[in-house]
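Trainee: This is what each chain is made of:
Number of protein chains: 2
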Amino acid sequence: MDFSSKLLENAVNEMSQFPGIGKRTALRLVLHLLKQPKEHTQKLSQSLQLMRDEVIFCKICNNISDRDVCEICSNPNRNGEIICVVEDIRDVMAIENTGRYRGHYHVLGGKISPMDGIGPGDLNIISLVERVKSGNVKELIFALSSTLEGDTTNFFIFKQLETYTINITTIARGISVGDELEYTDEVTLGRSIVNRVPFESSLKST
Amino acid sequence: MDFSSKLLENAVNEMSQFPGIGKRTALRLVLHLLKQPKEHTQKLSQSLQLMRDEVIFCKICNNISDRDVCEICSNPNRNGEIICVVEDIRDVMAIENTGRYRGHYHVLGGKISPMDGIGPGDLNIISLVERVKSGNVKELIFALSSTLEGDTTNFFIFKQLETYTINITTIARGISVGDELEYTDEVTLGRSIVNRVPFESSLKST
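Which chain is which? The protein sequence lines are A and B, in order. Under my numbering, the residue at position 175 of the first sequence is numbered 175, and the numbers go up by one with no gaps. Under my numbering, the residue at position 75 of the second sequence is numbered 75, and the numbers go up by one with no gaps.
Here chain A stands alone, though its shape is the one from the complex:
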């Protein structure tokens, strides 16, 4: 791609470093900025930079926060005896949106994936083990995605905590609410029968 302006080229190159954004999309986005008032670009770049420089990761659960301890960890109405282990902050947001969970979280920051060079040391696993060691935790809920990497990570953490007397559970896999039985894959359908639950439990909150 030949650009008529070096400034434009630099901006496009920077924008195209986002995952899933190629040169053409980046150009479209940057040209959009040119059609907007200058203040718009100023606000955008300032908010990105401020976010990157000032955002804090909760020192307990590693969730993104504006304070040392995030709102969930510091909320006295939430149950600190249950920790839900998730991959990243988007999973926290998704579970929070359900309004069905009142425990704490632990954000790992990824999954063990040797293919991508991510080992246990790159994730927030040690701090999770420390939280369990501290003695207040009664249950750990694994909510990683059910891929090879997710299962590996679950198993690694499970092994680390074998000697502690806590419940380790995993979120239920089954047929999505509203989905048709006949179109569900066999693994999911099989699991949903093996792991069937008492009818009245579908009304509970944790």
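Worth double-checking, as some hints may not be accurate.
As the list claims (entries may be wrong) - BS3-like, lysine-lysine: derived pairs with alpha carbons at most 25 Å apart: (1) LYS43/B x LYS6/B; (2) LYS59/A x LYS38/B; (3) LYS43/B x LYS38/A; (4) LYS133/B x LYS35/A; (5) LYS133/B x LYS43/A; (6) LYS6/A x LYS38/B; (7) LYS35/A x LYS35/B; (8) LYS6/B x LYS59/A; (9) LYS35/B x LYS59/A; (10) LYS35/A x LYS38/B; (11) LYS43/B x LYS6/A; (12) LYS6/A x LYS59/B; (13) LYS38/B x LYS23/A; (14) LYS38/B x LYS38/A.
Unchecked claim - Which stretches of chain B does chain A cover? Using the computed rule of at least three CB atoms under 8 Å from a CB of chain A, they are: (15) 32-45; (16) 80-94; (17) 99-107; (18) 193-201.
Said to hold, decoys possible - A few chain B residues facing chain A, derived, Cβ under 8 Å: (19) ASN63; (20) VAL177; (21) LEU181.
Honestly, the hints are just simulated from the structure, not real lab data. Small disclaimer: the values here were computed from a predicted structure and weren't measured. Glycine included, every Cβ here is placed at the ideal spot set by N, Cα and C.
Add chain B to chain A, keeping to what the hints say.
Mentor: Just chain B now, with coordinates in the frame of chain A:
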């Protein structure tokens, strides 16, 4: 969407103002920045702001440039007697990439589209008429997209220039090189037969 950090929320809101980028995609992009070193975000926001503040539109053709007069308009080896009228800078880049055009351009900045509130006054049409009036222009090539808006814009400019003795042409519509005849829509196929060209002309440059 509930965010655990106000800074994150602001950044996501700003990112989601780009066309085609929703809140979820914006969050994915912003979280990507958090995984990169701080310098990365700094470079990104600086290059965007610098581009927005410093970029110049060529005072002749309105192409994006780092100087008052763009490289194409100031290139003595290019033919200023031919002007190719395009919608935006991406079209200039596309035509330049072909390497088959050695004339000048005129970037309108859009198409006449009453539905979107874009009238002739919002486009760089007056400056185009001025360029023709100056007397050096022999041919105008319309290269707008063949939509209702593109045709309207072409016709509007054509009407403005009726009294001047210049050639007004439009880029050829026809079957894309490599496409199969049988799958081409009727309008395109019909036009490509009506506007057939001498065989040897497919080898020329302008």
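Trainee: Sort out whether LYS38/A lies within 25 Å of LYS38/B, counting only the CA atoms.
Mentor: Given that 25 Å is the threshold and the Cα spacing comes to 24 Å, the pair holds.
Trainee: Need the status of pair LYS38/B, LYS23/A: alpha-carbon distance at most 25 Å?
Mentor: holds (22 Å)
Trainee: Between LYS6/A and LYS38/B, does the CA-CA distance stay at or below 25 Å?
Mentor: Holds, because 23 Å separates the two Cα atoms, which is no more than 25 Å.
Trainee: Straight-line Cα separation of LYS43/B and LYS38/A no greater than 25 Å?
Mentor: holds (18 Å)
Trainee: Just to be careful, I want the Cα atoms of LYS43/B and LYS6/A compared with a cutoff of 25 Å; is the pair within it?
Mentor: Cα-Cα ~15 Å, so holds.
Trainee: Do at least three Cβ atoms from the segment 99-107 of chain B come closer than 8 Å to Cβ atoms of chain A?
Mentor: violated (count 0)
Trainee: Holds or violated: are the alpha carbons of LYS6/A and LYS59/B at most 25 Å from each other?
Mentor: holds (18 Å)
Trainee: Quickly compare the C-alpha distance for LYS6/B and LYS59/A to 25 Å and report which way the hint goes.
Mentor: At roughly 18 Å apart (the allowed maximum being 25 Å), LYS59/A and LYS6/B satisfy the hint.
Trainee: Under 8 Å, Cβ to Cβ, is where ASN63/B needs to be relative to chain A, so tell me if that hint holds or is violated.
Mentor: With a minimum Cβ separation of about 6 Å from chain A (threshold 8 Å), the hint on ASN63/B holds.
Trainee: Quick check on the hint: LEU181/B CB to chain A CB, less than 8 Å?
Mentor: violated (29 Å)
Trainee: If you count the residues of the segment 32-45 of chain B with a beta-carbon closer than 8 Å to a beta-carbon of chain A, do you get 3 or more?
Mentor: holds (count 10)
Trainee: Given the hinted pair LYS35/A and LYS35/B, is their alpha-carbon gap at most 25 Å?
Mentor: violated (30 Å)
Checked against the numbered hints above, the structure violates hints 4, 5, 7, 10, 17, 18, 20, 21; every other hint is satisfied.
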